[in-house]
Amino acid sequence: MGVGQYGFAAGKRLGKAQVRNRVKSLLREAARATFTKSGWDLVFVARSQTAATSYHELEASVTGLLRRARILAEKETGKGTKDTEW
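Numbering-wise, this note's numbering comes out as the position in the sequence shown, counting from 1, plus 1.
None of these hints come from the bench; they were simulated from the model. On a predicted model such as this, the values are computed, not experimentally measured, just so you know. Treat the hints loosely; a few may be bogus.
[What the hints assert, rightly or not] Each pair of labels, with its calculated beta carbon distance range:
1) K13 to D42: 19 to 27 Å
2) A18 to Q50: 12 to 20 Å
3) E75 to Y7: 13 to 21 Å
4) R14 to G40: 27 to 35 Å
5) G65 to D42: 27 to 35 Å
6) R69 to K17: 27 to 35 Å
7) R71 to K17: 31 to 39 Å
[Unchecked claim] No farther apart than 25 Å at their CA atoms in a straight line, the calculated lysine to any residue pairs in the SDA-like style are these:
8) K38 to A53
9) K38 to Y7
10) K38 to A74
11) K17 to L73
12) K25 to V46
13) K38 to E60
14) K13 to A52
15) K38 to S49
16) K13 to A74
17) K13 to S26
18) K13 to A53
19) K13 to E30
20) K38 to K17
21) K25 to D42
22) K17 to Q50
23) K17 to R71
24) K13 to A31
25) K13 to K38
26) K13 to S49
27) K25 to R71
28) K38 to S62
From the three backbone atoms N, C-alpha and C, an ideal C-beta is built for every residue, glycine too.
Let the sequences and hints guide you as you build the complete structure.
What follows is the structure in structure tokens.
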């Protein structure tokens with residue numbers, strides 16, 4: 002399988018362009034910071050409550066969703082053992 006791709010959607014109901022762009026930027030960074038199994042194409046859709054959420058809450062939500070979907074990858078710890086990104 003190849004490298005996965007991410008898509009981000011934020012509708013006009015979320016707010017003006019500045020709000021939508023900020024939310025998509027935060028989601029993009031949260032998705033980039035997590036390790037997923039290769040070959041998955043994911044779409045993140047921002048809901049109305051997302052506009053008032055901090056980055057850390059978004060990152061925890063993204064990690065939780067990927068864990069529930071069982072596509073969170075294991076990362077190398079550098080000591081010869083694998084550690085799951087939780």
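Okay, the hints, checked on the actual structure:
1. K13 to D42: 19 to 27 Å: 24 Å, holds
2. A18 to Q50: 12 to 20 Å: Hint holds: Cβ distance 19 Å, inside 12 to 20 Å.
3. E75 to Y7: 13 to 21 Å: 19 Å, holds
4. R14 to G40: 27 to 35 Å: Given range 27 to 35 Å: holds, Cβ gap about 32 Å.
5. G65 to D42: 27 to 35 Å: About 20 Å separates the Cβ atoms of G65 and D42, which means 27 to 35 Å is violated.
6. R69 to K17: 27 to 35 Å: 32 Å, holds
7. R71 to K17: 31 to 39 Å: Holds - the Cβ-Cβ distance for R71 and K17, about 36 Å, lies within 31 to 39 Å.
8. K38 to A53: Measuring from Cα to Cα gives roughly 29 Å; hence the hint is violated.
9. K38 to Y7: 13 Å, holds
10. K38 to A74: 5 Å, holds
11. K17 to L73: 32 Å, violated
12. K25 to V46: OK: K25 and V46 at ~9 Å, within 25 Å.
13. K38 to E60: 17 Å, holds
14. K13 to A52: Within the cut-off at roughly 12 Å; holds.
15. K38 to S49: Not satisfied, since the Cα-Cα distance of roughly 28 Å exceeds 25 Å.
16. K13 to A74: Violated, because 33 Å separates the two Cα atoms, which is more than 25 Å.
17. K13 to S26: Roughly 16 Å between the alpha carbons, so the hint for K13 and S26 holds.
18. K13 to A53: 15 Å, holds
19. K13 to E30: At roughly 21 Å apart (the allowed maximum being 25 Å), E30 and K13 satisfy the hint.
20. K38 to K17: 34 Å, violated
21. K25 to D42: The given pair, whose Cα atoms are some 17 Å apart, holds under the 25 Å limit.
22. K17 to Q50: Since the Cα atoms of K17 and Q50 sit roughly 14 Å apart, the hinted pair holds (cutoff 25 Å).
23. K17 to R71: Given pair K17, R71 is violated - Cα atoms ~34 Å apart, limit 25 Å.
24. K13 to A31: 22 Å, holds
25. K13 to K38: 31 Å, violated
26. K13 to S49: 10 Å, holds
27. K25 to R71: 23 Å, holds
28. K38 to S62: Roughly 18 Å separates the two Cα atoms, so the pair holds.
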